[in-house]
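Trainee: The residues making up each chain are set out below.
2 protein chains.
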Amino acid sequence: MASTALTFTDRDAHRAWLTRQAQLPAGFRVGTTRFEFMPREAPKPAKMTLTLIALDQPTPDFAALFTRNALPGAPIIVGRQRLHEPTLGAIIVNNKVSNVCAPGGIEASERICSELAKLLGLSAGQILPSSTGVIGWGLPVDAIVSALPQTSAALTGTSILPAAEGIVTTDLYPKIRRAHVGAGSIVGMAKGAGMIEPNLATMLVYVLTDLAVPRAELRAALTRAVETSFNTISVDSDTSTSDTVALVSSGRVPCPDLTAFETALTQVCRDLAEDVVRNGEGVRHVIRVAVSSAATVPLARAIGKAIVNAPLFKCAVAGNDPNVGRLVQAIGKYVGAEAPSTDLSQLKLRLGGIEIFSGGVFQLNPAKEAALVAHLRSAELYASAPPKDGVFTAPIDFPPHERCVEIEVVIGHGTAEAVVIGGDLTHEYVSENADYRS
Amino acid sequence: MASTALTFTDRDAHRAWLTRQAQLPAGFRVGTTRFEFMPREAPKPAKMTLTLIALDQPTPDFAALFTRNALPGAPIIVGRQRLHEPTLGAIIVNNKVSNVCAPGGIEASERICSELAKLLGLSAGQILPSSTGVIGWGLPVDAIVSALPQTSAALTGTSILPAAEGIVTTDLYPKIRRAHVGAGSIVGMAKGAGMIEPNLATMLVYVLTDLAVPRAELRAALTRAVETSFNTISVDSDTSTSDTVALVSSGRVPCPDLTAFETALTQVCRDLAEDVVRNGEGVRHVIRVAVSSAATVPLARAIGKAIVNAPLFKCAVAGNDPNVGRLVQAIGKYVGAEAPSTDLSQLKLRLGGIEIFSGGVFQLNPAKEAALVAHLRSAELYASAPPKDGVFTAPIDFPPHERCVEIEVVIGHGTAEAVVIGGDLTHEYVSENADYRS
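If you're matching them up, the sequences are chains A and B in order.
Just so we're aligned: 1023 in the numbering used here is position 361 of the first sequence, and the numbers increase by one with no gaps anywhere.
Just so we're aligned: 951 in the numbering used here is position 289 of the second sequence, and the numbers increase by one with no gaps anywhere.
Check each hint, because a few of them may be wrong.
Put simply, identical chains are the same to the list, so a pair is met inside one copy or across any two.
Unchecked claim - Result set (PhoX-like, lysine-lysine): computed pairs, CA atoms no more than 25 angstroms apart in a straight line:
{"#": "1", "residue 1": "Lys706", "residue 2": "Lys1030"}
{"#": "2", "residue 1": "Lys758", "residue 2": "Lys1030"}
{"#": "3", "residue 1": "Lys709", "residue 2": "Lys1030"}
{"#": "4", "residue 1": "Lys706", "residue 2": "Lys758"}
{"#": "5", "residue 1": "Lys1010", "residue 2": "Lys1030"}
{"#": "6", "residue 1": "Lys709", "residue 2": "Lys758"}
I should point out that these hints are in silico values taken from the structure, not numbers from a laboratory.
In isolation and in its complexed conformation, chain A is listed as follows (with noise of 0.2 angstroms):
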């Protein structure tokens, strides 16, 4: 199953298209808040969105899975907790601060949920905490615990739109993505970019669903889901301290299928961990990895990671540059170090279509390397532009979605495959993260 092929032309075509995305599954409310706040760890003021996604009754039917980074955030800590819980009544969610390893977060993340857990009617267990933004400062509590009446009282049922936008940080543009199995609906928003989300190294998703789906199986669901989505998306290696991903089901219309409910999952989960990707920072060149012929699933996936993970030949693609040699390195550095039992004497390479590499060396002319300058041209996301102030910043806010490097890896010994999408390297991004706090 691929993502969902999108060709938008502009930003009000993709606007409209979002709107449409967005309706909520019945159920379940939204609400937001913006205010400001002063931080502990910083000089002057910033900005903090608060996020309520509230259940019309709390559900049994819920899952999520989080970070496994080994220094996880506070609000990662309490989730995990929350998974033992009999019910779920709401999530709430804030960006700018992503409460990791500060003093006293859980302390913080659990004050939080009993204040909210007051207006709602709920006990402080029903909630599962969200945090994203920097790592190391504390949660401003008093002024959220001051911002949940107000984000409690903007609370409606709608559309996902306001909740996807609040959670945001650098993104370019919220991303929601649907699908519906009988008279039910799978609705499914994110934030960022997960390892490529470098500002606020955060990645969060929530998947809404009113189709019935018990709590076992709607977990067991979402782990395989997250197998062959999020975890195939890499853009700078880094793994986020907060990321989670939970799947909430309100139950109010029965699901006539559970297969049919975890195809149309995977494919919201396949559709966001590529709009995270399109929208990573910096990324101008989405690059997506077919690998075929390995001996074993988990083969495939790290060959495709150790392609779209090699700074050489991700800055080779920012650059329109066919280096291909880089390529190759990529793969015999993981082989090498990894797997070097694997027979690579049969490896066929294609970029953008076009054989560059079998029989053991590889397959370049001038004729070919014009049409590999044009591939990557064509699958270019935007222009790069130097500013007068050497501060680079992506112009779209919104993205060309058909638009792809297209790699094809033939290992010629097996027969599992994967697909791994990542992103190139360039000064967009670096301009981005050398120095955005300051």
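Add chain B to chain A, keeping to what the hints say.
Mentor: Relative to chain A, chain B alone:
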């Protein structure tokens, strides 16, 4: 053992010091030639330098270590065979074309060895070939063979400096280090920057000594020395298809003490390794990570590598931004994914000697933040300036050796330690690598 601290204030002082380091050990001569050729794969001519290192007498005492990349260059494949030969008589090095996975690559390397052998009165098996440069291009064998007589005629036995300059590609300055043991010397030279020499994707290191150390002891000492020198650096995490470290003894001077020899060899390797990072493409901050009280040396080294390879942290350092959350992210990512049983509860972190993390939480405040910024600024090798055409280039041609970002990671469970050296991620790196071939 740390690398040797140097404190040059200008290019001329550095050059004078290099010249003093460059005196060849007894029994070696070097010669170089530069010429133009037309690559088969590209539309315009290119320039290449041939560098010849010749022994006055073939020696049985030589050692070499090669890349672990699973798609190595032809000279690596030939070089591995040379390790089984009874003696070595010469090393021939070309830059510009790396001869990796090019059709007929091994035959090309062997023909050059064989033509050179005729000129030197050796057999082809006594010659170690090395190539560095673009991956995917084939060697211009006829042009190289035509240049061999002139290269051989240029052999002189005074200084290694012409060779250290001949093997470079995008290096800003030649890299030479020496040590003495008794009446003998160990002189090493390096080109490139290992994983961080992205244009040409190759690190080449040659260490020459007149000290008589038998082959077995020489090879064992080199393996151990490389483990704590070249294997502890990384700038962009890419692993070259051509990495080579060779050590050759002419045996002219009795070695008074094998332990002293290995200590001196290790010092030369560590000094060259730091030179390689300090001259890494786009490196504006050298980052030294000292990891201590870890359970094992491999764990300590892996945590150090995770830090110097974390793109977000590297970008922060480039911007003189003490975004220590990204440092914690890097440690947590590695431990969570690769060593989840590691206890991080006693983790302590210092940056520039200032404590930033202990007791499970950050130790930050505005005054510390100012001191951290000052440390990063003082460690900057040069100021970055956006040029009018958008292409960033390093404005230095000698390295301020004493400047370094100092990071201490205390795990708190064990006695193992390791030092890892890396660099930041800058606009200069992206400029050099996003468009160099065209």
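Trainee: Each of the hints needs a verdict: does it hold here or not?
Mentor: Status of the hints after comparison with the structure:
no. : hint              : verdict
1   : Lys706 - Lys1030  : between (54 angstroms within a copy, 16 angstroms between copies)
2   : Lys758 - Lys1030  : between (47 angstroms within a copy, 21 angstroms between copies)
3   : Lys709 - Lys1030  : between (51 angstroms within a copy, 23 angstroms between copies)
4   : Lys706 - Lys758   : within (13 angstroms within a copy, 51 angstroms between copies)
5   : Lys1010 - Lys1030 : within (16 angstroms within a copy, 53 angstroms between copies)
6   : Lys709 - Lys758   : within (7 angstroms within a copy, 52 angstroms between copies)
When the structure is compared with the earlier hints, no violation turns up for any of them.
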